[in-house]
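Below are the chains, spelled out letter by letter.
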Amino acid sequence: MTLALSAKDVAKKIEKKYQGCVAESAAENLLVKGESLLEVAAYLKDTPGLDFDYLTAVSGVDYLDCFEVVYHLTSIKHNHSLVLKARCYDRDNPVLPSVVGLWRTADFQEREIYDLLGISFTGHPNLKRIALWEGFEGHPLRKDFL
Amino acid sequence: MEIEEVYSSRELDRVEGKAVNELIARSQQVIPDPDKWLDEELERNVLLTSVDAVLNWARRTSMWPVVCFPACCAFEFITTEASRFDLSRFGMEIVRASPRQADLMITAGTLTWKMAPQVKRIYDQMAEPKWVIAMGACAISGGIFASSYSVVPGYNRIIPVDVYLPGCPPRPEALIHAIRMLHQKISRKSLISGGE
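Line by line, the protein sequences are chains A and B.
In terms of numbering that gives the first Met the number 0, the first sequence opens at residue 0 and continues consecutively.
In terms of numbering that gives the first Met the number 0, the second sequence opens at residue 0 and continues consecutively.
Bear in mind the hints are in silico, worked out from the structure with no lab data behind them.
These numbers come from a predicted model, not from an experiment.
Among these hints, one or two may not hold up.
Here are the simulated lysine-lysine pairs, DSS-like style, with alpha carbons at most 25 Å apart [as the list claims (entries may be wrong)]:
(1) Lys-44(A) / Lys-11(A)
(2) Lys-127(A) / Lys-35(B)
(3) Lys-142(A) / Lys-35(B)
(4) Lys-32(A) / Lys-11(A)
(5) Lys-76(A) / Lys-127(A)
(6) Lys-7(A) / Lys-44(A)
Which residues of chain B face chain A? A partial, calculated answer using Cβ under 10 Å [stated by the list, open to error]:
(7) Trp-56
(8) Thr-60
(9) Trp-63
(10) Lys-113
(11) Ser-147
(12) Ser-149
Note that CB positions come from ideal geometry on N, CA and C, so glycine has one too.
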């Protein structure tokens, strides 16, 4: 069974290297600030001992006061996992950096989140609708859709 | 002269008997055989029928369905195909991947608007005459997804439908019933009047 790493321990490691990046660390997940998502993600992927070489899933959540994007990270090398989160509060123009450069898995999943929740991922090589068609108005997974 | 004397019951019987015998005598001549000019081998192998009957028979007993199974109704169709229900009894065991070789579209499943142009194109590529069975609640009206932003509320929005088959999903017996109904519809078709 894959070991879920304590997010608090990982947060301490990150804080040592990048001051003020972590917004909140619960027992099971790690919430980072949107603008530092990319460097934290790169750190998690490339740091010996962490080596999160595999992105299991990316999903988006609408909490009405903010959007949250959840990254399920796994290290195949060490057989451990971590849940990384980032939020964006601007409802009219939610933006987060894309992690496609680190994990190719994110390509279609970020497109899906863009399609259904309307979050733009900067740096995505091909950010367009995936499930719905070009010209569809709105983002149907938003709580205020309809 | 009393009427009873001339037309006694016996006399009536005689008149009747004579009429019957005359009729028998007149109908003794051999009816000419219209196929007499044919040789024996040919005569045994020729059946006469109307063009409509033979055309409709040929059409309805070898309907090949095209592949159009976007969702879960497909499994009921697969069961109908398989040995227990054995769709080959109706001459339609071959499911065609190419719409150009198919006569029947069984729309087994929910259709999304994104998929709709492809289904329309498949239908357009099928050669005439062609028929459509709308299989299941989604195919008829969109089913439980009728009010969804992404689901076509019934195949009849994009292609003409011949038989509506309700159910979610319909059992194989129901699908066979729909196919039989379509057979009836086809057998009513006529080249001259165009049928119904």
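Hints, one by one, checked against the model:
Taken as a hint, the Lys-44(A) and Lys-11(A) pair is honoured in the structure, with Cα atoms around 16 Å apart against an allowance of 25 Å. The hinted pair formed by Lys-127(A) and Lys-35(B) fails the criterion: a straight-line CA distance of about 77 Å is larger than 25 Å. Restraint check for Lys-142(A) and Lys-35(B): the C-alpha separation of about 84 Å exceeds 25 Å, so the hint is violated. With a CA separation close to 15 Å, the supplied pair Lys-32(A) and Lys-11(A) stays within the 25 Å bound.
For the suggested pair Lys-76(A) and Lys-127(A), the alpha carbons sit about 33 Å apart, so the restraint of at most 25 Å is broken. Using a Cα cut-off of 25 Å, the hinted pair Lys-7(A) and Lys-44(A) holds, with the two alpha carbons roughly 17 Å apart. Because the closest C-beta pair between Trp-56(B) and chain A is about 44 Å apart, greater than 10 Å, the hint is violated. A hinted interface residue such as Thr-60(B) counts as satisfied when its beta carbon comes closer than 10 Å to some beta carbon of chain A; here the least separation is about 40 Å, so the hint is violated.
Restraint check, Trp-63(B) versus chain A: the minimum CB separation of about 31 Å is more than 10 Å; hint violated. The beta carbon of Lys-113(B) comes within 5 Å of a beta carbon in chain A, closer than 10 Å, and the hint placing it at the interface holds. At a threshold of 10 Å, the smallest CB-CB gap from Ser-147(B) to chain A is about 9 Å, leaving the interface hint in force. For Ser-149(B), the shortest C-beta to C-beta distance to chain A is roughly 6 Å, which falls under 10 Å, so the interface hint holds.
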